Amino acid sequence: MATLVQAVRMALHYGEEHLGVTDIFGEDVGPPLGGVFTATQGLRTAWNTPLDERGIVGMAMGIAYAGGKPVAEIQFCDYGFNTIDLLKVAGNQRWAGAGNFAMPIVLMTPSGSGIRGSLYHSHSFESWAARLAGWKIVMPSTPLDAYGLMLSAIEDPNPVMVLLPKALLRVRGDKLIPGEPEDEQTLKEMIDAPVGDRTHWKPRWPKLEPYFIPLGVASLVREGQNATVVSYGRTLPLCVQAADQLTEEFGYTFDVLDLRSIFPYDWKAISRSILKTGRILIINEDTEVTNFGEHLLRRVIDHHFYDLLVRPRALMGKHNPGIGLNQEYERNTVPQLPHIKQAMREIAEEEA
Amino acid sequence: MPSDRNPGHALLADAQIRSGKESLPADLCLRIHRLMVRSRAMEERMIKMSKSGEGYFWIGGPGEEAFNTCLGLQVKKGEGPAYDYLHFHYRNSAAMIAMGMPMIEGIRQMAMTVTDTHSLGRNFAGHYAKKEWNVVPVTSVIEVQYVMAPGTAHVQKRYGGDGITIVCGGDAGTAEGDFASCLIWSSRPGHELPVLIVIENNRWGISTPAESVHAEKHIIDRGKAFGIEGEVVDGNDPIASWHAIRRAMEYCRTKRRPFMLEAMVSRLYGHSSSSGALRVKDEPCCIELFEKKLLGEGVIDQETIDQIHEQARAEADEALEQAMNEPRPTAADVYRYTYAPSRVDAVYPDDYTGLPEA
Ligand SMILES: Cc1ncc(C[n+]2csc(CCOP(=O)(O)OP(=O)(O)O)c2C)c(N)n1
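Going down the list, the sequences are from chains P and B.
Residue 7 is where the first sequence starts when you use this note's numbering, and the numbers rise one by one after that.
Residue -11 is where the second sequence starts when you use this note's numbering, and the numbers rise one by one after that.
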């Protein structure tokens, strides 16, 4: 099975060959490296930019104005903060200009903790991103979703940000990407650049098939009765793990929704699940003050106050200046399996 | 609508008007003059609107008409990478008028009508967006246009042809990193881009004099480190401006490399309506200077000049009257044009319709 980062690479290849992608660029995105996480190895249109995030976003916007289809990478979302005003402008161009120009750009960037990244490689970005009106924001938690969401991000004629959970980039899924060879080793030999000299290396791409995951559609990863858990990114597989353990240990079952699209989010799916369980817990690792999960809580309260059996809640990252390198810091700053399991157990057990 | 051509001077077809070593045919000078006057009339009409309540905030380009008219007239106008891309700031109205924009388009934006094709009554005056002319949306955010310009030029370089990207802004804004980004991204070795980097230097920020915060003599000197050639021109002199722009465009069109052009211009109504938009007396006016020259050369008389001003004012008044009778945006327009239609979006297949609903 492909890793998430291989899935992204295959999606970008599909995009180059079939969806009109003209430029894939960013810091160290082109040869020889092909991206610090290898997301862009061997891609025909990949190139290296100056070390300038604002320049990267501006380049993407310019290419889009002139009819190209750019996919730009910000090496770590931690280094996207100096582009916020440009992102705001990218999101408003169609609206501000009375529909004169669309802004079909894809911006991908690794987000979140889990790679022992300490202060400047552990940030989350989705709460900042969700405030950028005019954008669409997605965050896959499996390789197949990464493939399907990336294809939709490319196909969509609006600015789409693809947040890639840093911690899951090397994780394998349990479903093949359409066209992916069955054998992991075969895939590796075909599309991973060799270590060392790559001057003459060329990838052999599998015959990939289109697979579009519509934006705004969550995936119900576990189905249950005791509570609804909404998550995405790094914390999603932890929620699934916790759900399975709590089922085995106590017989509690959960609806676990992988939101996948942060904006637009699948309100239908959230709403439907709340009506069934009467309990909702939102889990992510972004910091807790004006966290995107708080927006969802507000909607839950507005629409479902009288449908709830217990108070709705959110488990989020601590409002802290950063994540410290010693793992004791990280473990106590962003939700880990024990915290998640504890919160899920509590919401399932609380008396109505 | 009055035409740009001066009807009474057919005999002057061969006359040349000189400025230093350079010259332009008299009929072209007269055409430039009329366009400058029309742009000024539109701006002055908008200033009045900002004071009468027919509009709110005003910002624009009185004092920059000579340079901008010559720029607009030489743009390769059209849609797509074969034509020039324009990344304007908020003082380029005269370039738009020279390109053929009817005054009513500027006035509608100031009047915030829903018929404003540049922004649907959403944006400040002078914040144009026109796809058919490759005029990408003007923002108020100082200098961001300089990081987008290499992007359109990148596509143009790949496309071939002689289309170039023109980016304009003030002098104070060049302190932003985005200006440095523009120099770096348009001069990458082996990937030099056809970007005409224009600085309209009025020597002011809002109130901060350039010499109090900048040590460099000319802004274009910064290009030297990147091998970017440049020129400083008197932006109050249309003849000098015409030729400097012609040379700069020619360079970018044929060499497919960046060029910097710094035009020294005046700011005749202060920064904006926030600073009162009052006529300043201590900076040269390009229209007055040009009229003196044209009168001196005997290619126009005062009566004709007065007529041209009169006609331009009448045109602006008519445009205002028409705009004030046009529909305004309604609550139903708030979300319009947020998203382009998408076949892969389950929530917003057509446009934004508010927060996701069940
Ligand atoms: C990024 C940013 N910072 C500050 C402002 C506020 N502001 C608007 S115009 C201006 C001065 C701009 O001076 P200059 O670049 O020389 O252009 P000019 O207005 O003189 O043509 C300032 C500070 C802004 N619009 N954008």
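In case anyone wonders, no lab produced these hints; they're calculated from the structure.
This structure is a prediction, so every number in the text was calculated from the model and none was measured.
All C-beta atoms, glycine included, are put in the ideal place defined by N, C-alpha and C.
Heads up, a few of these hints could be off.
[Claimed, not checked] What follows is a list of derived Cβ distance ranges for each label pair:
| no. | chain 1 | residue 1 | chain 2 | residue 2 | range |
| --- | --- | --- | --- | --- | --- |
| 1 | P | 206 | B | 243 | 29 to 39 Å |
| 2 | B | 263 | P | 122 | 34 to 44 Å |
| 3 | B | 320 | P | 231 | 21 to 31 Å |
| 4 | B | 67 | P | 334 | 56 to 66 Å |
| 5 | B | 341 | P | 226 | 17 to 27 Å |
[Claimed, not checked] Reference listing, derived: stretches of chain P covered by chain B, where coverage requires no fewer than 3 residues with Cβ under 8 Å from a Cβ of chain B:
| no. | stretch |
| --- | --- |
| 6 | 32 to 40 |
| 7 | 116 to 125 |
| 8 | 138 to 145 |
| 9 | 159 to 173 |
| 10 | 185 to 199 |
| 11 | 285 to 295 |
Checked hints:
The hinted window of 29 to 39 Å between residue 206/P and residue 243/B holds, with their beta carbons roughly 34 Å apart. Evaluation of the 34 to 44 Å hint for residue 263/B and residue 122/P yields a failure: the beta carbon distance comes to about 53 Å. Between residue 320/B and residue 231/P the beta carbons are some 43 Å apart, a value that contradicts the proposed interval 21 to 31 Å. Checked against the hint of 56 to 66 Å, the pair residue 67/B and residue 334/P passes, with Cβ atoms roughly 59 Å apart.
For residue 341/B and residue 226/P, the Cβ-Cβ distance of about 24 Å falls inside the hinted range of 17 to 27 Å, so the restraint holds. Residue count for the stretch 32 to 40 of chain P with a Cβ under 8 Å from a Cβ of chain B: 0. That is fewer than the three needed, and the coverage hint is violated. Counting residues of the stretch 116 to 125 of chain P whose CB lies closer than 8 Å to any CB of chain B gives 0, so the stated coverage by that chain is violated, three being the minimum. Residue count for the stretch 138 to 145 of chain P with a Cβ under 8 Å from a Cβ of chain B: 3. That meets the three needed, and the coverage hint holds.
With a threshold of 8 Å between beta carbons, the proposed coverage of the stretch 159 to 173 of chain P by chain B holds, since 4 of its residues qualify and at least three are required. By the rule of at least three residues with a Cβ nearer than 8 Å to a Cβ of chain B, the coverage given for the stretch 185 to 199 of chain P is violated, with 0 such residues. Coverage of the stretch 285 to 295 of chain P by chain B is violated. Counting CB-CB distances below 8 Å, 0 residues qualify, and the rule asks for three or more.
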